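Here's the letter readout for the chains.
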Amino acid sequence: MSQLLFFSLSILTILSALVVVFTRKPMYSVLSLIVCFFTIAGHYILLNAQFLAITHVIVYAGAIMVLFLFTVMLLNLNAESDQPKSGKLRIAAMVAAGMLFVTLVASIKSTTLGEFSLPPASDNGFVQHVGQRLFTDYLLPFEISSILFLSAMIGAVVLSKKEKH
Amino acid sequence: MTFLGLMIPLLPLMGFLVNGLLGKYLPKGSTGWIGSIAVLASFVCVLLVFKDLGAAQTVQIDVFNWISFGKIDISFGLWIDSLTMIMLMVVTGVGFLIHLYSIGYMHGDAGFTRFFTYLNLFIFFMLLLVMGSNYLMIFIGWEGVGLCSYLLIGFWYKNDAYNDAAQKAFVMNRIGDLGFLLGMFFILFHFGTLDIQAVKELAPGLTANSTLLIGITMLLFVGAIGKSAQLPLFTWLPDAMAGPTPVSALIHAATMVTAGIYMVVRSNVLFAMAPTTLTFILWIGVATSVFAAVIGLKQNDIKKVLAYSTVSQLGLMFAALGLGAFSSGIFHLVTHAFFKALLFLGAGSVIHALHGEQDIRKMGGLKKLIPVTYLTFFLASLAISGFPLLSGFFSKDEILAHAFEQNKLVWIILFASSMLTAFYMFRLVFLTFYNDFRGTEETKHHIHESPWTMTLPLIILCVLSVIGGLLGLPAVFKMTHWLDTYLASVTEPSAALLHHGEPLSHSIEIGLMAFAGLAAIAVIVFAYRKYVSLKAMPEEDNVLTGLPKLISNKFYVDEIYESQITKPVFRMSSWLGNFFDKKIVDQAVNSTADAMGTGGRSIRTLQSGNTGAYVFAMVIGMVILFIIRLLI
Amino acid sequence: MDQTAQLVPINWYLLLSTFLFCIGVMGVLFRRNAIIILMCIELMLNSVNLLLVAFSAYSGNSDGQVFVFFIMVVAAAEVAVGLALLISIYRNIGSTDIDVLNKLKW
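So the protein lines, in turn, are chains A, B and C. Just so you know, we're using our numbering here: the first sequence kicks off at 1 and counts up by one. Just so you know, we're using our numbering here: the second sequence kicks off at 166 and counts up by one. Just so you know, we're using our numbering here: the third sequence kicks off at 798 and counts up by one.
There could be a bad hint or two in this list.
Lysine-lysine pairs mimicking DSBU-like chemistry, simulated, CA-CA at most 35 Å apart [to be verified]: (1) A/K161 - C/K900; (2) B/K695 - B/K609; (3) C/K900 - A/K88; (4) B/K700 - B/K609; (5) B/K714 - B/K700; (6) B/K695 - B/K533; (7) B/K323 - B/K193; (8) A/K162 - C/K900; (9) B/K193 - B/K533; (10) A/K25 - C/K900; (11) B/K573 - B/K365; (12) B/K323 - B/K573.
Quick caveat, the hints were computed from the structure, so don't treat them as lab data. Keep in mind the model is a prediction, meaning the values are calculated, not measured.
Based on the sequences and whatever the hints tell you, model everything.
Okay, here's the thing in structure tokens:
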């Protein structure tokens with residue numbers, strides 16, 4: 001049952017990812033990336049990480065992708081604006097990515113992973129547990145990340161502001 | 166006592182600072198008085214110290230601990246004993262008189278303030294030199310006076326020839342200083358200290374005349390050769406006459422050039438332990454004395470004659486040191502400081518009266534026109550010539566007596582040199598002051614006696630030149646030799662090491678004195694006949710032939726140095742500069758740079774600026790890294 | 798649900814995220830539009846996130862999940878600034894084509 005679920009989710013993930021890369025229209029890319037992110041959220045739930053699944057949907061699908069969507073619409077990009085690379089370069093790109101995949105898989109195969117026995121049912125992924133970790137062991141990084149956000153916000157505003165002449 | 170001792174060098178230093186830093190805000194002319202009073206105050210301190218300090222007493226002032234590492238401990242220390250006292254009195258006393266004289270002499274000069282600034286700095290360094298309690302302190306003073314000498318020789322820096330003279334003096338002194346420095350290193354290495362008193366106590370423990378001691382003393386003496394203008398490094402001193410005349414009097418006659426003698430006497434125990442060096446010093450001194458005296462015969466520049474005379478007299482002092490007669494050397498140093506400073510100041514007064522004329526062929530007949538200068542100059546010439554009962558007579562005679570006692574040949578040469586001195590000094594006097602004036606009427610009209618600031622020092626120095634001999638009356642007069650007794654605490658340790666011959670009997674000594682005195686008078690009379698009665702004139706330079714020409718051109722020593730040393734050094738420098746530096750060093754550097762440039766130009770096409778290409782390269786790189794990881 | 802999750806071997810997750818990562822890399826090489834490239838980078842980031850969560854779940858240690866949380870924080874900031882930069886570039890040169898943006902050399 002769970003294997004079936006895994007496979008169907010995986011196929012969806014890979015397909016939507018491929019669409020992101022190969023479609024000519026930026027709008028399609030964005031939309032299929034949203035689909036891809038939803039399937040990854042599904043994987044998180046499958047892995048018993050409910051908190052992350054929710055955060056993932058909110059942050060990525062809700063915030064980041066909306067930002068992408070806005071940008072694409074704002075710049076009024078369409079298929080014509082994105083000329084594909086020449087045939088040789090496309091083949092080179094695919095070959096390079098394929099080689100990377102092959103070598104990575106080969107590396108994984110040659111690596112002996114530690115024994116991952118089946119753990120007892122845990123509530124590691126629940127909000128309560130992750131929240132506790134965040135506000136105790138990881139309090140400082142958590143606070144610092146708020147500063148990061150603040151500076152990113154200011155940076156974004158400054159950069160995208162229209163320059164006065 | 167410590168306070169007074171400290172004030173002695175500090176007062177001229179303060180004068181230097183005030184004049185140097187605030188000089189341009191002070192009223193014009195006041196800077197000369199500030200400089201003079203600083204030295205006078207220092208002289209007063211010296212006298213106060215002298216009053217309280219017995220002959221055998223010493224004062225040690227450690228201002229602060231200066232260099233301290235490992236076993237080496239060098240303090241910034243001052244040391245006062247009888248030898249220091251004598252030198253202090255000469256430096257500050259004669260120094261003050263020359264300062265006073267300079268107020269009149271330098272009046273109206275654009276560099277008036279600068280002149281007194283330098284003079285005070287010089288006095289400060291000279292005092293450090295004579296008061297230093299270790300060789301490093303002496304070295305500071307040694308270098309400092311060299312610097313001031315350089316600054317003052319080139320005082321009128323707009324004249325290139327003067328600048329060259331200053332440089333020549335500086336470079337020649339450097340050669341000697343290198344010897345001094347090396348000697349110091351050897352002392353530090355073998356004795357573990359630079360403190361003069363410590364070295365003095367350690368030295369007698371070593372083997373006499375060992376290579377080490379000969380080496381150290383020879384190196385120290387090389388320093389003295391440079392500073393005191395002995396053969397073969399004497400040529401800078403006549404050229405140093407480019408400086409203002411008070412400078413010649415102070416630095417190049419009375420004080421700085423005697424630093425070498427002071428240093429040798431200061432380390433007399435070391436030198437006494439190395440008789441070979443003493444013999445060397447003796448012959449260098451004797452040779453210099455007669456060599457410079459011969460050159461002096463044919464010089465026509467009033468200051469050049471005095472310069473060669475100084476070289477000659479310094480040679481005489483070194484001969485005394487070489488004979489082991491340290492106190493006699495100091496005695497002659499003191500009397501020489503009096504009459505030579507006076508001679509220079511008198512010459513300055515003559516030059517002042519004639520508005521810069523220095524050639525004695527254009528003088529003459531000044532006797533009536535500038536009587537004070539004439540009288541003092543005449544007495545000083547008598548003193549230096551060894552006229553009986555004047556100061557030079559006693560000090561010279563003492564040296565000659567020592568020579569007679571130890572080595573007859575040395576005595577003969579020194580006696581000849583002394584007679585030559587008498588001759589060229591009176592040649593100078595008669596040509597300058599007697600007969601008729603040989604310059605233009607215009608000049609003659611303006612001749613006037615110098616102001617009191619100039620004549621007062623002349624008179625005081627004249628009195629000192631006449632009575633200076635009282636410092637060291639010989640034993641035959643049944644009086645104590647004051648200087649000898651006073652310096653005993655310094656020279657005694659070495660006297661024990663040197664075994665002198667039998668002292669001369671009183672009859673021989675009186676005989677020698679009478680002989681020398683009569684000979685000097687005879688020479689003076691001969692000079693009078695030649696230059697006054699017969700009105701002989703020095704020939705023009707271009708009609709001279711043979712030996713006189715050789716002498717007049719100073720035996721071509723400068724030319725020989727020029728062709729044998731200076732030129733080859735220049736040739737080597739230009740070879741190094743034009744060939745070695747340009748062809749080899751620059752070539753290596755430039756071709757490295759060129760190779761980098763060429764390489765960079767060919768590689769930079771890789772930086773296309775295309776992000777895609779960069780990412781592609783990155784991915785390929787990752788793949789390669791993984792493959793390498795897998796294969797290994 | 799707890800039991801079922803464990804029936805999937807961890808190697809499968811490894812393969813899945815490797816594949817997703819390679820698709821991301823290919824996208825970066827393949828496309829010329831800077832916005833799409835940025836999206837592909839997000840894809841690569843997510844493949845790593847997935848792997849982190851997988852290892853975290855399989856080893857029973859929640860540190861991995863906290864890390865994923867922080868990665869999301871950084872990614873969000875990065876996208877905000879990155880898109881702002883792109884808009885600024887687009888305003889200046891009227892294009893987001895990376896082949897046009899080749900001034901960064903020498």
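Status of each hint after checking the structure:
1. For the proposed pair A/K161 and C/K900, the alpha carbon gap of about 23 Å is at most 35 Å, so the pair holds.
2. The suggested pairing of B/K695 with B/K609 holds, with an alpha-carbon distance near 25 Å, which does not exceed 35 Å.
3. A distance of roughly 24 Å separates the Cα atoms of C/K900 and A/K88; the hinted pair therefore holds under the 35 Å criterion.
4. For the hint pairing B/K700 with B/K609, the CA-to-CA distance comes to about 20 Å; that is within 35 Å, so the pair holds.
5. Restraint check for B/K714 and B/K700: satisfied, since their Cα atoms lie roughly 21 Å apart, inside the 35 Å limit.
6. Of the supplied pair hints, the one linking B/K695 and B/K533 holds, its CA atoms being roughly 21 Å apart against a limit of 35 Å.
7. The suggested pairing of B/K323 with B/K193 holds, with an alpha-carbon distance near 22 Å, which does not exceed 35 Å.
8. Pair hint A/K162 plus C/K900 holds up; C-alpha atoms about 22 Å apart against a cutoff of 35 Å.
9. For the hint linking B/K193 to B/K533, the alpha-carbon distance of about 34 Å falls within 35 Å, and the restraint holds.
10. For the hint linking A/K25 to C/K900, the alpha-carbon distance of about 27 Å falls within 35 Å, and the restraint holds.
11. A C-alpha spacing of about 31 Å is found between B/K573 and B/K365, which places the hinted pair at or below 35 Å, so the restraint holds.
12. At most 35 Å may separate the alpha-carbon atoms for a hinted pair to count; B/K323 and B/K573 exceed this at roughly 50 Å.
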